[in-house]
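Enquirer: So the protein lines, in turn, are chains A and B.
Quick note, the first sequence lines up with residues 71 to 180 if you use the working numbering.
Quick note, the second sequence lines up with residues 424 to 536 if you use the working numbering.
Hints were generated in silico from the structure; no laboratory data involved.
Even glycine gets a Cβ: it sits at the ideal position worked out from N, Cα and C.
Among these hints, one or two may not hold up.
Stated by the list, open to error - From the derived model, a few chain A residues whose C-beta atoms are all more than 12 Å from chain B:
1. 72
2. 74
3. 96
4. 102
5. 116
6. 125
7. 133
8. 146
9. 161
10. 178
Stated by the list, open to error - Dumping the calculated EDC-like pairs for lysine to aspartate or glutamate here, alpha-carbon to alpha-carbon at most 20 Å:
11. B/485 x B/463
12. B/494 x B/509
13. B/474 x B/463
14. B/474 x B/495
15. A/112 x B/479
16. A/141 x A/101
17. A/179 x A/154
18. A/141 x A/123
19. A/128 x B/523
20. A/112 x A/149
21. A/138 x A/154
22. A/75 x B/463
23. A/75 x A/149
24. A/141 x A/96
25. B/467 x A/101
26. A/112 x B/491
27. A/128 x A/101
28. A/127 x B/441
29. B/467 x B/523
30. B/467 x A/96
31. A/75 x B/491
32. B/467 x B/480
33. A/127 x A/101
34. B/467 x B/491
Stated by the list, open to error - Non-contacting residues of chain B with respect to chain A, defined by C-beta distances greater than 10 Å in every case (computed):
35. 425
36. 435
37. 454
38. 466
39. 478
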Amino acid sequence: QQQVKQSPQSLIVQKGGIPIINCAYENTAFDYFPWYQQFPGKGPALLIAIRPDVSEKKEGRFTISFNKSAKQFSLHIMDSQPGDSATYFCAARHGNKLVFGAGTILRVKS
Amino acid sequence: NAGVMQNPRHLVRRRGQEARLRCSPMKGHSHVYWYRQLPEEGLKFMVYLQKENIIDESGMPKERFSAEFPKEGPSILRIQQVVRGDSAAYFCASSPPALETQYFGPGTRLLVL
Chain A
71 QQQVKQSPQS
81 LIVQKGGIPI
91 INCAYENTAF
101 DYFPWYQQFP
111 GKGPALLIAI
121 RPDVSEKKEG
131 RFTISFNKSA
141 KQFSLHIMDS
151 QPGDSATYFC
161 AARHGNKLVF
171 GAGTILRVKS
Chain B
424 NAGVMQNPRH
434 LVRRRGQEAR
444 LRCSPMKGHS
454 HVYWYRQLPE
464 EGLKFMVYLQ
474 KENIIDESGM
484 PKERFSAEFP
494 KEGPSILRIQ
504 QVVRGDSAAY
514 FCASSPPALE
524 TQYFGPGTRL
534 LVL
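Chain B with its partners taken away, still in its complex shape (with noise of 0.2 Å):
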């Protein structure tokens, strides 16, 4: 039973590029979460998804980030313009509905320059 997958593990962009980040869930889990860790902190949630909805936004910064969660394919973060303070690693979790153990995936580690 393969656990929470993203892709890609790094990313380097230029400032102004845009980042796309991919999750898929584990198996039979329709609840996806976003947290962003900055370097030497802890991890801070951005957003919450279940297909084809966003439940909780509240972590997003207002500009620029995106997620989305479609009926079929992995939950996309997205930012676009980045900027070096966005360098941070993204971790993606799962949950099976009405359970509140979140799985985490492996994270990618977004580097701007």
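Bound-form chain A, shown alone (with noise of 0.2 Å):
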């Protein structure tokens, strides 16, 4: 139940494509839902973050899309550079710790 679960493990798009990274959870619980980004060697940086009493937010190329009723989530990326290829991690929060999911490493090609 405390399990997120994100999917595709990998990803590659060409330059200007729109990668979608989806994630699922069960636990009803959970009332916040950060995405991250890490590149390698490095600690993971916040992206953006929606509450499951919102339906879509979007940052910039980043957009959360939120489906409560379905227990999902995605993150959308408009017009992905390869600066973008890194890996991104979607997280739940349950009381004060976040539960990740897996990680999905993106490829945007030039």
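Quick one: dock chain against chain with the hints and give me the complex.
Expert: The structure is reproduced here in structure tokens:
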């Protein structure tokens, strides 16, 4: 019940494409859903986050779509660039801890 | 405004030795969290501390691992008698009170030989 399932494991898109990363959860007690971006050898950096009472949130080229009834949420990256190549993690908060998905390795080809 | 600082960035230990990992939270942050990341996996919660208090240690292994966040100085994650399975990246995060966003440090990569 504490799991967050993330897919796909890896993703390759052309520059300008719109990669979509999906996450699903079971625990309805989760109340905050952040996305983190991680480059090799670095710590995760917060990208964008959403609460379950909102269905969509945009910040720059990043958009979260949230479907509370389906217990799913996804990250869309508009006009993707080679510099977006990184590992992306979704997470869900329960109490004071974050439960992370397994990560998606994104490669944007120039 | 400096971010979350962790040191050392890389640590090599032989089996049976002790590893001490340090984390200085962002200025104004009084909440510290430790997570472990095994190769090609997501981060797993270990422990949540406030100054001088362990609030939630539900993710900590029962033996050999301990954490503290003293009134003065950094938070310390201590691993006694390390084994090869302890090799991982250990990340610290911090947040101010009443704010859900956790900001992560660069991590300490522990290698046990």
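Enquirer: Run the distance test for residue 141 of chain A versus residue 96 of chain A: straight-line Cα separation, threshold 20 Å.
Expert: With a Cα-Cα distance of about 7 Å, the restraint between residue 141 of chain A and residue 96 of chain A holds, given a limit of 20 Å.
Enquirer: Given the hint that residue 474 of chain B pairs with residue 495 of chain B, test it: the Cα-Cα distance must not exceed 20 Å.
Expert: holds, 9 Å
Enquirer: Taking the closest pair, is the beta carbon of residue 102 of chain A still more than 12 Å from chain B?
Expert: The claim breaks: residue 102 of chain A does not keep its Cβ more than 12 Å from every Cβ of chain B (closest is about 5 Å).
Enquirer: For the pair supplied as a hint, residue 75 of chain A and residue 149 of chain A, confirm whether the alpha-carbon distance does not exceed 20 Å.
Expert: violated, 25 Å
Enquirer: For residue 141 of chain A and residue 123 of chain A, compute the direct alpha-carbon distance and say whether it is at most 20 Å.
Expert: holds, 12 Å
Enquirer: Assess, step by step, whether the Cα of residue 474 of chain B is no farther than 20 Å from the Cα of residue 463 of chain B, and give holds or violated.
Expert: violated, 32 Å
Enquirer: Taking only the CA atoms, is the gap from residue 112 of chain A to residue 479 of chain B under or equal to 20 Å?
Expert: Violated, at about 26 Å.
Enquirer: Does residue 466 of chain B sit more than 10 Å from chain A, CB to CB?
Expert: violated, 5 Å
Enquirer: Are the Cα atoms of residue 112 of chain A and residue 491 of chain B separated by 20 Å or less?
Expert: violated, 24 Å
Enquirer: Is the nearest CB of chain B more than 12 Å from the CB of residue 72 of chain A?
Expert: Not fine: 9 Å to the nearest Cβ puts residue 72 of chain A too close to chain B.
Enquirer: With a cut-off of 20 Å on the C-alpha distance, tell me whether residue 467 of chain B and residue 523 of chain B pass.
Expert: holds, 17 Å
Enquirer: Please confirm whether residue 146 of chain A is truly not at the interface, meaning its C-beta sits more than 12 Å away from all C-beta atoms of chain B.
Expert: Label holds. Min Cβ-Cβ 20 Å, cutoff 12 Å.
Checked against the numbered hints above, the structure violates hints 1, 2, 4, 5, 9, 11, 12, 13, 15, 20, 21, 23, 26, 28, 31, 37, 38 and 39; every other hint is satisfied.
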